[in-house]
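Its first residue numbered 1, the sequence shown is counted upward by one per residue in the numbering used here.
Just to be clear, a hint being listed does not mean it is correct.
[Claimed, not checked] With beta-carbon atoms standing in for the labels, derived distance ranges:
#1 E71 to R181: 18 to 24 Å
#2 S297 to Q6: 42 to 48 Å
#3 N166 to G106: 21 to 27 Å
#4 N108 to N36: 36 to 42 Å
#5 A272 to A12: 51 to 57 Å
#6 R100 to N36: 31 to 37 Å
#7 D300 to F11: 28 to 34 Å
#8 S297 to A12: 36 to 42 Å
#9 A257 to N36: 43 to 49 Å
[Unchecked claim] With a straight-line cut-off of 30 Å between C-alpha atoms, the simulated DSS-like cross-links for lysine-lysine are:
#10 K135 to K102
#11 K208 to K3
#12 K135 to K3
#13 K102 to K176
#14 K111 to K135
#15 K3 to K176
#16 K176 to K208
#17 K208 to K111
#18 K135 to K176
Rather than coming from a laboratory, the hints here were simulated on the basis of the structure. Computed from a predicted model, the values in this text were never measured in an experiment. All C-beta atoms, glycine included, are put in the ideal place defined by N, C-alpha and C.
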Amino acid sequence: MIKVQQLTKRFAGCVAVDGVSFEVARGEIVGFLGPNGAGKTTTMRILAGYLPATGGSASIAGYDVFHDSIEVRRRIGYLPENVPLYPEMRVDEYLHFRARLKGVHGRNRRKRVDEVKGMCGLGEVGRRIIGQLSKGYRQRVGLAESLVHDPELLILDEPTIGLDPNQIRQVRELIKDLSQRHTVLLSTHILPEVEMTCRRVVIIHRGKVVASDTPENLKRLREGGSDVVAEIRGPAEDVRAKLAALPGVTGVAVTEAAGWCRAVVACEQEAALRPLLFDAVARAGWGLRELRAERKSLEDIFVSLTHADPEGRGA
Numbered sequence: 001m002i003k004v005q006q007l008t009k010r011f012a013g014c015v016a017v018d019g020v021s022f023e024v025a026r027g028e029i030v031g032f033l034g035p036n037g038a039g040k041t042t043t044m045r046i047l048a049g050y051l052p053a054t055g056g057s058a059s060i061a062g063y064d065v066f067h068d069s070i071e072v073r074r075r076i077g078y079l080p081e082n083v084p085l086y087p088e089m090r091v092d093e094y095l096h097f098r099a100r101l102k103g104v105h106g107r108n109r110r111k112r113v114d115e116v117k118g119m120c121g122l123g124e125v126g127r128r129i130i131g132q133l134s135k136g137y138r139q140r141v142g143l144a145e146s147l148v149h150d151p152e153l154l155i156l157d158e159p160t161i162g163l164d165p166n167q168i169r170q171v172r173e174l175i176k177d178l179s180q181r182h183t184v185l186l187s188t189h190i191l192p193e194v195e196m197t198c199r200r201v202v203i204i205h206r207g208k209v210v211a212s213d214t215p216e217n218l219k220r221l222r223e224g225g226s227d228v229v230a231e232i233r234g235p236a237e238d239v240r241a242k243l244a245a246l247p248g249v250t251g252v253a254v255t256e257a258a259g260w261c262r263a264v265v266a267c268e269q270e271a272a273l274r275p276l277l278f279d280a281v282a283r284a285g286w287g288l289r290e291l292r293a294e295r296k297s298l299e300d301i302f303v304s305l306t307h308a309d310p311e312g313r314g315a
């Protein structure tokens with residue numbers, strides 16, 4: 001559905017996108033992630049036809065983004081981070097207006113407007129003036145507008161910004177439902193949402209793709225060691241010394257609270273360490289009320305790949 005090869009975008013004194021390449025298959029939900037200034041918004045704007053590229057190529061549904069831009073725009077729905085709305089218009093009026101611009105006419109337009117209002121939870125505010133709506137509802141209007149012409153591809157830049165937790169959950173379920181008929185390229189800073197929503201992630205850093213895989217594979221490939229967490233009733237220094245002496249342990253951090261020591265043990269193989277740790281605690285006669293492996297999250301992987309990002313780059 002999306003094919004990007006060596007895409008480059010230069011601004012005065014800045015390379016915002018530097019040889020980015022990735023593909024998105026039809027029907028996939030792909031998270032497009034990166035810190036502020038990494039180049040993800042610039043890439044999405046190029047794919048949506050809002051910006052020209054300096055070099056490289058990009059195609060959507062087989063159409064070249066640069067040479068067949070009209071055909072590309074017919075096939076995409078784009079929700080930018082800052083949704084451009086007409087605050088003086090009513091919700092229904094705006095959605096009908098945008099549908100006409102996108103070539104949706106007659107009864108089909110009325111049907112599509114009603115459908116997207118229902119999907120985005122706008123049924124009660126159709127007659128409301130957009131400028132009087134909350135930020136969350138304005139975000140929903142923008143999402144409805146991106147869907148009104150039933151596009152093959154949705155490009156969503158921070159679709160849950162300004163929404164409360166219940167609304168975020170509703171949008172997450174909506175995006176999952178949309179994947180049955182649409183391909184979705186999703187940018188967000190809420191990484192737990194990505195883990196629950198996206199089948200694959202592309203991480204961009206300093207204008208370059210640094211990782212592209214499923215969240216599960218990324219966590220497995222980037223583990224390079226694990227942590228074991230244990231809560232032990234015993235003298236803190238003795239606990240630290242005994243755990244540090246166990247085979248495969250690369251570091252121990254111990255904190256005390258209410259008579260218990262919480263030990264975070266870095267190790268090479270957590271599955272092999274846990275029975276050894278249990279036996280060591282039992283032989284010492286200490287109490288043990290927690291023993292578990294601490295898995296890396298997608299957020300941990302994201303930070304490890306994108307830390308120390310400089311400021312002042314293109315978005």
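- Task: Could you grab the alpha-carbon distance between K135 and K102 and see if it respects the 30 Å cut-off?
- Result: holds, 25 Å
- For the pair we were handed, K176 and K208, check the Cα-Cα distance against 30 Å. Given that 30 Å is the threshold and the Cα spacing comes to 28 Å, the pair holds.
- Would you say the C-beta atoms of S297 and Q6 sit inside 42 to 48 Å of each other? For Q6 against S297, whose Cβ atoms are near 31 Å apart, the range 42 to 48 Å is violated.
- Message: Run the distance test for K135 versus K176: straight-line Cα separation, threshold 30 Å.
- Response: At roughly 23 Å apart (the allowed maximum being 30 Å), K176 and K135 satisfy the hint.
- Task: Given the range 36 to 42 Å, decide if the beta-carbon distance of S297 to A12 lies inside it.
- Result: Holds: the Cβ-Cβ distance is about 38 Å, inside 36 to 42 Å.
- Task: Take a look at whether the Cβ-Cβ distance between R100 and N36 falls inside 31 to 37 Å.
- Result: With a Cβ separation near 36 Å, R100 and N36 satisfy 31 to 37 Å, so the hint holds.
- CA of K135 to CA of K3, is that 30 Å or under? violated, 33 Å
- Item | CB-CB spacing for R181 and E71 relative to the 18 to 24 Å hint | holds, 19 Å
- Message: Holds or violated: K208 and K111, Cα atoms, limit 30 Å.
- Response: Given pair K208, K111 is violated - Cα atoms ~42 Å apart, limit 30 Å.
- Take a quick look at whether K208 and K3 sit within 30 Å of each other, Cα to Cα. holds, 16 Å
- Could you say whether the range 36 to 42 Å given as a hint is met by the Cβ separation of N108 and N36? This hint holds: roughly 40 Å between Cβ atoms.
- Hint says 51 to 57 Å; check whether the CB-CB distance for A272 and A12 agrees. holds, 55 Å
In the structure shown, a violation is registered for the earlier hints numbered 2, 3, 9, 12 and 17, in ascending order.
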